[in-house]
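K.L.:
Residue strings, one per chain:
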Amino acid sequence: MLNCYLKGQQEHERPEFIPYAHLRIRTKQKVTVEVLDHLEHLALVDFRDSEGVERLQKAIQFADQLHEVNTDGVEPMDSVLEDRCLYLREDDVTEGNCTEELLKNAREKVEEYFVAPPGNIPLPKLEERETFLKGS
Amino acid sequence: MMGNTMSLVSAALKEGRVAPTELCQRCLSLIKSTKFLNAYITVAEETALKQAEESEKRYKRGQPLGVLDGIPIAVKDNFNTAGIETTCASNMLKGYISPYNATVVQKLLDQGAVLLGKTNLDEFAMGSGSTDGVFGPVRNPWSYSRQYKEKSVPKSHSEDKDSNWVITGGSSGGSAAAVSSFTCFAALGSDTGGSTRNPAAHCGVVGLKPTYGLISRHGLIPLVNSMDVPGILTRCVDDAAVVLGSLAGHDPKDSTTIQDNFKPFELSDLTDVSKLSIGIPKEYHAPGLSSEILALWSKAADLFKNAGAKVIEVSLPHTRYSIVCYHVLCTAEVASNMARFDGLEYGHRSDMNKSTESMYAATRREGFNDVVRGRILSGNYFLLKQNYENYFIKAQKVRRLIANDFVKVFGSGVDILLTPTTLSDAIPYMEFIKEDNRTRSAQDDILTQAANMAGLPAINVPTALSERGLPVGLQFIGRSFQEKQLLTVAKWFEKQVKFPMIQLDEVKRHDHGVFQHQKSASFLEHRT
Numbered sequence: 001m002l003n004c005y006l007k008g009q010q011e012h013e014r015p016e017f018i019p020y021a022h023l024r025i026r027t028k029q030k031v032t033v034e035v036l037d038h039l040e041h042l043a044l045v046d047f048r049d050s051e052g053v054e055r056l057q058k059a060i061q062f063a064d065q066l067h068e069v070n071t072d073g074v075e076p077m078d079s080v081l082e083d084r085c086l087y088l089r090e091d092d093v094t095e096g097n098c099t100e101e102l103l104k105n106a107r108e109k110v111e112e113y114f115v116a117p118p119g120n121i122p123l124p125k126l127e128e129r130e131t132f133l134k135g136s
Numbered sequence: 001m002m003g004n005t006m007s008l009v010s011a012a013l014k015e016g017r018v019a020p021t022e023l024c025q026r027c028l029s030l031i032k033s034t035k036f037l038n039a040y041i042t043v044a045e046e047t048a049l050k051q052a053e054e055s056e057k058r059y060k061r062g063q064p065l066g067v068l069d070g071i072p073i074a075v076k077d078n079f080n081t082a083g084i085e086t087t088c089a090s091n092m093l094k095g096y097i098s099p100y101n102a103t104v105v106q107k108l109l110d111q112g113a114v115l116l117g118k119t120n121l122d123e124f125a126m127g128s129g130s131t132d133g134v135f136g137p138v139r140n141p142w143s144y145s146r147q148y149k150e151k152s153v154p155k156s157h158s159e160d161k162d163s164n165w166v167i168t169g170g171s172s173g174g175s176a177a178a179v180s181s182f183t184c185f186a187a188l189g190s191d192t193g194g195s196t197r198n199p200a201a202h203c204g205v206v207g208l209k210p211t212y213g214l215i216s217r218h219g220l221i222p223l224v225n226s227m228d229v230p231g232i233l234t235r236c237v238d239d240a241a242v243v244l245g246s247l248a249g250h251d252p253k254d255s256t257t258i259q260d261n262f263k264p265f266e267l268s269d270l271t272d273v274s275k276l277s278i279g280i281p282k283e284y285h286a287p288g289l290s291s292e293i294l295a296l297w298s299k300a301a302d303l304f305k306n307a308g309a310k311v312i313e314v315s316l317p318h319t320r321y322s323i324v325c326y327h328v329l330c331t332a333e334v335a336s337n338m339a340r341f342d343g344l345e346y347g348h349r350s351d352m353n354k355s356t357e358s359m360y361a362a363t364r365r366e367g368f369n370d371v372v373r374g375r376i377l378s379g380n381y382f383l384l385k386q387n388y389e390n391y392f393i394k395a396q397k398v399r400r401l402i403a404n405d406f407v408k409v410f411g412s413g414v415d416i417l418l419t420p421t422t423l424s425d426a427i428p429y430m431e432f433i434k435e436d437n438r439t440r441s442a443q444d445d446i447l448t449q450a451a452n453m454a455g456l457p458a459i460n461v462p463t464a465l466s467e468r469g470l471p472v473g474l475q476f477i478g479r480s481f482q483e484k485q486l487l488t489v490a491k492w493f494e495k496q497v498k499f500p501m502i503q504l505d506e507v508k509r510h511d512h513g514v515f516q517h518q519k520s521a522s523f524l525e526h527r528t
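As they're listed, the protein sequences go chains A and B.
full-length UniProt numbering numbers the first residue of the first sequence as 1 and each following residue consecutively.
full-length UniProt numbering numbers the first residue of the second sequence as 1 and each following residue consecutively.
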């Protein structure tokens with residue numbers, strides 16, 4: 001991925017974007033590069049640019065307001081239907097045999113298999129990846 | 001004809017005054033002439049006409065399937081529709097043809113409804129303006145109404161007449177615009193934080209959010225599993241009751257639907273309001289609420305009081321935290337729900353082939369827009385081991401407090417809550433985009449979100465036109481599974497306020513057009 005931030009860093013003496021670590025962040029916790037990298041790994045989605053990191057910082061700041069609320073003795077609520085029994089139907093096969101239909105939407109397939117690139121290859125480490133976070 | 005309610009058109013179909021195919025043709029050509037609204041992503045012309053033909057055969061035999069037989073409807077593009085592209089307004093699902101119908105879509109088709117097409121939305125239903133989808137923003141039909149044009153001050157001759165258009169609200173903006181511009185008689189939306197009621201208020205239509213668990217979510221591409229519900233958009237409260245009647249009920253394919261027997265109901269006319277207790281939650285006088293809407297809300301409360309109802313001020317103390325709570329729970333569930341989009345079985349797939357993980361990463365980078373990616377990353381942050389207790393669990397606890405607020409209020413004898421739906425009337429697109437999606441959502445969802453937290457039914461009823469000539473609606477929130485009571489009160493209110501019909505030049509041209517049924521002129525008069 002062509003990364004305009006990285007390019008910018010190399011061409012100018014003073015970078016146009018201020019790397020996130022130098023931003024004045026009002027929350028007590030500063031989100032470290034390690035955490036950002038970890039998030040990119042978990043989500044398999046990238047921050048793309050400093051705006052993306054800013055967005056996360058603002059989101060955390062916004063969420064911190066929750067700590068104003070006193071929740072002593074309150075149980076967490078998973079669902080509004082917690083008082084009811086979940087419906088389970090009988091374990092009988094009622095539909096299926098739609099292999100062709102389901103395969104129609106896949107881009108890469110062979111016979112009745114979905115084709116995936118080789119697994120068990122971890123994403124390259126931060127230093128080796130092309131990512132916005134590298135310059136930080 | 002086009003401006004009529006579903007019930008009136010249904011009667012016309014039954015009596016043979018108009019044919020389903022003719023109705024379908026009119027709607028399709030109106031869709032073409034209102035293309036600038038960008039309300040539809042996909043128009044299923046061929047299949048719609050086929051469905052209309054089938055309906056016509058049934059009417060000729062005297063065996064219509066019900067009130068919905070032959071009625072043109074539209075469906076938001078995050079519901080799966082067999083054989084029709086379902087995109088969620090995202091690059092991730094462009095070209096994805098669903099192999100099955102969502103349960104609600106199937107139910108409507110089983111009743112003979114004619115599916116005209118899929119409507120536009122914010123990408124993956126994340127947003128409050130219907131401006132962030134890959135197919136572009138949806139324009140509010142009221143921007144082109146005589147009522148709005150009369151009130152807008154022309155700034156200069158050189159200014160593009162077109163730049164003043166206002167947003168529909170979101171995220172079901174396309175559905176609301178479709179109903180409001182007469183291209184269909186009912187539309188399906190989805191409601192997670194107000195996504196049906198918000199555009200309903202801005203477009204001057206009825207937007208119903210049913211109780212969580214009443215209508216099946218099978219086939220609705222999920223955003224927040226514990227708060228999503230399919231929403232219903234119609235031109236009047238009676239129509240909403242009809243559509244609700246055909247959609248509600250247990251679905252074995254959705255285990256979060258309740259098993260209680262649902263009996264479709266017809267709304268009776270409320271004559272005695274004195275037994276009603278209306279609650280006015282004071283926290284809904286939120287910062288940023290326009291003085292116009294405040295005055296309207298007050299007037300509505302007085303309307304009930306003068307009719308003999310008991311109107312009391314109540315308190316829902318945790319209202320101001322519902323948006324923060326929603327922010328955490330929504331992003332957390334989104335992080336989980338969006339994990340299915342990896343390009344392997346459906347949807348966009350990147351050309352990157354080095355490894356599974358890098359293929360997934362590249363696919364998701366290419367397929368999602370900033371808003372979606374932002375929410376996924378935030379959600380993952382809140383779900384990290386070190387943050388789980390402090391953010392996710394904390395938000396779940398706050399959710400219980402919010403839900404308990406409602407339980408307390410309804411337990412004290414209040415039947416229905418009356419609140420505003422939005423903070424102001426629809427704002428111009430150019431204004432809206434000045435702030436980012438998250439800020440806008442946080443601002444706009446503040447009055448509608450809490451009902452989703454608690455799973456309660458809520459409805460927007462268009463109330464009056466603002467000073468700028470744009471619709472403003474008020475919201476009623478009811479008790480769990482008490483849609484009948486909620487809709488009965490909403491219907492009474494609707495009758496009292498007599499919200500004006502939109503005056504769109506495109507539609508007038510159509511109605512006076514070629515179609516000959518003599519009685520159609522009287523329909524127009526009936527509604528004006």
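Among these hints, one or two may not hold up.
Said to hold, decoys possible - When the alpha-carbon atoms are kept at most 20 Å apart in a straight line, the in silico EDC-like pairs for lysine to aspartate or glutamate are as follows: (1) A:Lys58 with B:Glu53; (2) B:Lys434 with A:Glu54; (3) A:Lys58 with B:Asp370; (4) B:Lys397 with A:Asp78.
Claimed, not checked - With beta-carbon atoms standing in for the labels, derived distance ranges: (5) A:Leu103 with B:Ser255: 23 to 33 Å; (6) A:Val74 with B:Lys57: 16 to 26 Å; (7) B:Asn91 with A:Glu111: 47 to 57 Å.
Think of the hints as simulated: they come from the structure by calculation, not from any bench.
Where a beta carbon is used, it is the ideal one built from N, C-alpha and C, also for glycine.
K.L.:
Indicate, hint by hint, whether the structure satisfies it.
P.N.:
A quick look at each hint next to the structure:
Taking the CA atoms of Lys58 of chain A and Glu53 of chain B, the gap is about 54 Å. The hint is violated against a cut of 20 Å. About 17 Å separates the Cα atoms of Lys434 of chain B and Glu54 of chain A, which keeps this hinted pair within 20 Å; it holds. Our distance criterion of 20 Å between C-alpha atoms is met by Lys58 of chain A and Asp370 of chain B, whose separation comes to about 14 Å. Proximity of Lys397 of chain B to Asp78 of chain A is assessed by CA-CA distance (about 9 Å); at most 20 Å being required, the pair is judged to hold.
Between Leu103 of chain A and Ser255 of chain B the CB atoms are about 27 Å apart, so this pair conforms to the stated range of 23 to 33 Å. For the pair Val74 of chain A and Lys57 of chain B, the beta carbons lie near 59 Å from each other, so the given range of 16 to 26 Å is not met. With their beta carbons about 29 Å apart, Asn91 of chain B and Glu111 of chain A fall outside the hinted range of 47 to 57 Å.
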